[in-house]
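Okay, here's what each chain looks like letter by letter:
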Amino acid sequence: MVQTPTYPLNAWYPAAWGHEVGRALTARTICDTDMVLYRRTDGAVAALEDACWHRLLPLSMGRLEGDQVVCGYHGLVFDAGGRCTHMPAQETINPSACVRAYPAVEKHRLIWVWPGDPAKADPARVPDFHWNDNDEWVGEGGTFYSLKCDYRLVADNLMDLTHETYVHAGSIGDEAITRVPFEVTHTDRTVTVTRWMEGIHPPPFWARMLGRPGTVDRWQIIRFEAPCVIAGDVGVAMAGTGARRGDRSRGVNGHFLAALAPETATTCHYFWNFVRNFRKDDAELTRALNLGHVNDGKGVYDQDYVVLEAQQRAIDRRARQPFYDLNIDAGALWARRLIERMIAAEHGGSPRLAAE
Amino acid sequence: MVQTPTYPLNAWYPAAWGHEVGRALTARTICDTDMVLYRRTDGAVAALEDACWHRLLPLSMGRLEGDQVVCGYHGLVFDAGGRCTHMPAQETINPSACVRAYPAVEKHRLIWVWPGDPAKADPARVPDFHWNDNDEWVGEGGTFYSLKCDYRLVADNLMDLTHETYVHAGSIGDEAITRVPFEVTHTDRTVTVTRWMEGIHPPPFWARMLGRPGTVDRWQIIRFEAPCVIAGDVGVAMAGTGARRGDRSRGVNGHFLAALAPETATTCHYFWNFVRNFRKDDAELTRALNLGHVNDGKGVYDQDYVVLEAQQRAIDRRARQPFYDLNIDAGALWARRLIERMIAAEHGGSPRLAAE
Amino acid sequence: MVQTPTYPLNAWYPAAWGHEVGRALTARTICDTDMVLYRRTDGAVAALEDACWHRLLPLSMGRLEGDQVVCGYHGLVFDAGGRCTHMPAQETINPSACVRAYPAVEKHRLIWVWPGDPAKADPARVPDFHWNDNDEWVGEGGTFYSLKCDYRLVADNLMDLTHETYVHAGSIGDEAITRVPFEVTHTDRTVTVTRWMEGIHPPPFWARMLGRPGTVDRWQIIRFEAPCVIAGDVGVAMAGTGARRGDRSRGVNGHFLAALAPETATTCHYFWNFVRNFRKDDAELTRALNLGHVNDGKGVYDQDYVVLEAQQRAIDRRARQPFYDLNIDAGALWARRLIERMIAAEHGGSPRLAAE
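Residue numbers (our numbering), protein chains in the order written: chain A, 1 to 356; chain B, 1001 to 1356; chain C, 2001 to 2356.
Any given hint might turn out to be false.
[Claimed, not checked] Derived lysine to any residue pairs resembling SDA-like cross-links, with alpha carbons at most 20 Å apart:
no., chain 1, residue 1, chain 2, residue 2
1, A, Lys280, A, Val138
2, B, Lys1298, C, Thr2033
3, C, Lys2298, A, Ala207
4, A, Lys280, A, Ala207
5, A, Lys148, A, Ser249
6, B, Lys1148, C, His2168
7, A, Lys298, A, Phe205
8, C, Lys2148, A, Met61
9, C, Lys2148, C, Thr2033
10, C, Lys2298, C, Phe2205
11, C, Lys2298, C, Lys2280
12, B, Lys1107, B, Arg1040
13, C, Lys2120, C, Ala2101
14, B, Lys1148, A, Arg317
15, C, Lys2148, C, Gly2297
16, B, Lys1298, B, Ala1239
17, C, Lys2148, B, Lys1148
18, C, Lys2280, C, Arg2341
Keep in mind that the hints were calculated from the coordinates and are not lab data. Since the model is a prediction, treat every value here as computed from it, not as a measurement.
Whenever a hint applies, use it, and build me the whole structure from the sequences.
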């Protein structure tokens, strides 16, 4: 069976939180590519192919020596550019002896790697994730490493929040979400889904955050940046106080943040955070919001986790059956279309684009 | 590799005990088909495709609302006929939005489903299993769900009881079984293997049941009904008291009952019971007979379980090697032949039948 | 994908330690061939195909009756030559009813089996392993059954000891190994790698064994006998006392011994020992040397184990990528070449040999 790629290679993907990568060797698979990550003595992060040129032992099983990696089997040494600088028991080093080096940058508290053509890697194109690392916003997130689903299922999930009504009833779900129309706009690299629910009773979570009785205007403005980042501007303000026109002063505002990396075609790494711009010094609230998302099966992302893996298993059992779409899928479908365009561009264009 | 189907789809298969299906959603796979089972408010059982039309999430992860199933992801609602009656955030429902509904009936204490063409499903053709639900017979059985073997290996096992001598030595096995000739007859849908062992010393189990010293006439009359039910009329009577001619009044009689459902080509569900028409009020005996069959590895069916799964593993390792047959396999071979005829009939007939 | 065989079938492979095979049935897979091993009443070892002719149940699940095996399902009986001598419920035995019998011999404390053409099995060709069973040498070894790597990776490992410097730093590893040249010679069936490190400081292990201060002459003379045995003559003597010229009287000497059997293309059984000709009555030393090799993750072979399985996983993920070779691989490459010749010879010769 010929498999269509599910991800572009020429893209920045999150590989780790910055604080996770230090002077130890960290193995990570991104886009079916095994990498070893480490921090050089100058603080920059290096990412090399995680297989020795000689006999394929993962370099992550070796050790760091300065900025170089020593293979744990026969002691070949590779510099941060992937070039072999030492071979055991021989003076001459085969000049073709090297492992691949992947562009890597640290930005917005995450390490981003580029598994594709290094010549095309422009650090300025790392997806916008500034809410994750900014004085205006505070929050502590987490990671689902090796989540057993196609990363695009997570994007589907976050681009359509009507699922909150069913998966997250009792916390952030609300019937209003399914009743109210929404708008989808897009650019070459982004999709935005905007939904305003005006004059509604807030769901339990937002009522607690706002801390005032009465109806609210609630917004969900979700921005996808291809191929792998979703940032959702969400909040409520007292009804009729002008939030929709730009005055959020009588409300509370947060962003849910998701940076996704395909590990394989059917597994992914999901870096998440939920940041807010209110009660920023309230560490207990920060902790409670973290646990509200992931808490040993009881958080809202734990609920999504179960759904996403079950959905992937169902897809695996029915390789050829297509999904059918609803109106609510408009945002997710545009997100997938932008991903497909990136994939097609790597393969010399595609007739699908013309027929679009 | 082209795989020959191992089961017909146009057939009634057991999917659950009646008491197991209620107002909760039960997932079950029959013939590689994922189903969700539930009991409607009128008491009838419904079986739907266990994958939402929209994004494939198993409907069994959703919830019941009256007679309808609400998907746990986006809230699509399906009625017991599989038709979508509600979509989130839209008024118009795509008329083609539906999941498959499978004919299901409750009979003889089991739920039977028909994974094939619904137009051909005739409740009158549910295999005879009346011993399982009849005042004349008493017994408590059990189920091996997801037994890791082709369901036909279980049929092979039960259609030839010479294996009792080796697998069940010390309880129901007896050298006499391998010495005595047997007779095989068949119709379009049934195979019957009849073996009479006259004037023999009873094996330990039957000696205890009869409760009288001396030799016995022992019978095993095993009836297969294609494709999935085996009922074995077994017992002993005092030797020479006319059991073979029809007078079983000086004996004890039971039926081992097996209703099989292929789960996949190499796994199956095995619903079993052992019923008797003597000491019917003796609850302790009922319990002892249940434990005699399945008891944490010590029952006779536990012994078969180990053999059947080992046999399947051996087959998996040698995909192309045929079985070789003995005289004792005559009944099992006829059973397989009837199954093959049903499969061939679904595929427009087969040259094998002509060459038979 | 057409897979090249990784092992010849016409060869003696180790299947068990002699003391492991008695009057119980032992299942073992050698070269993807399931065998059942047992000791006959005359003390000789028999090896039969581990699948009944009739319905494929592993014969190892049956029982011994004299020198014959009784199948645990329907009681077919096979003699030590694999011929069926009893069938249930029938007088006549199909003369073609038999299972394969494999030549088996016991030598040097191991049971060796020949999975290929029995007519070619010459007990005189069992690889030399005499150090394992000889008054001159003492030691207690062990086995890694079902080690998850191609057996040739173990041969690679043992034919090039520069890996000691990196995998076994702190015990037997030493920088000297990678600095000193070595010599490779070969015959039709053997490869020998010889390395002398003269006037060096001994690594910790050998310093303790020698028990005298000062520099040493250290040797590693590793002999491979195709396709599956490696014996390494290793030791140290006081520097300049003539060890290289043959006088080892001022030194200590051991042999590491490895007998390998492919279980499948990617798993193997690895029978090992380390024998010595000094302090032969010191049982505590024998025990310490055993634990030095395998000790719940802390022995030197435990370290190799981790490397070998990681290497196999890396190979599995990159089926088409070749290894690249270093000078240090010369011995291992010759070992692989002899194995390939044996494989080619079984398939009617190979153009590779001409092009060599």
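Going down the list of hints, with the structure as the test:
no. : hint                    : verdict
1   : Lys280/A <-> Val138/A   : holds (6 Å)
2   : Lys1298/B <-> Thr2033/C : violated (31 Å)
3   : Lys2298/C <-> Ala207/A  : violated (57 Å)
4   : Lys280/A <-> Ala207/A   : holds (18 Å)
5   : Lys148/A <-> Ser249/A   : violated (41 Å)
6   : Lys1148/B <-> His2168/C : violated (44 Å)
7   : Lys298/A <-> Phe205/A   : holds (15 Å)
8   : Lys2148/C <-> Met61/A   : holds (17 Å)
9   : Lys2148/C <-> Thr2033/C : holds (17 Å)
10  : Lys2298/C <-> Phe2205/C : holds (15 Å)
11  : Lys2298/C <-> Lys2280/C : violated (24 Å)
12  : Lys1107/B <-> Arg1040/B : holds (16 Å)
13  : Lys2120/C <-> Ala2101/C : holds (14 Å)
14  : Lys1148/B <-> Arg317/A  : holds (18 Å)
15  : Lys2148/C <-> Gly2297/C : holds (16 Å)
16  : Lys1298/B <-> Ala1239/B : violated (31 Å)
17  : Lys2148/C <-> Lys1148/B : violated (25 Å)
18  : Lys2280/C <-> Arg2341/C : violated (40 Å)
Hints 2, 3, 5, 6, 11, 16, 17 and 18 from the list above are not met by this structure, while the remaining hints are.
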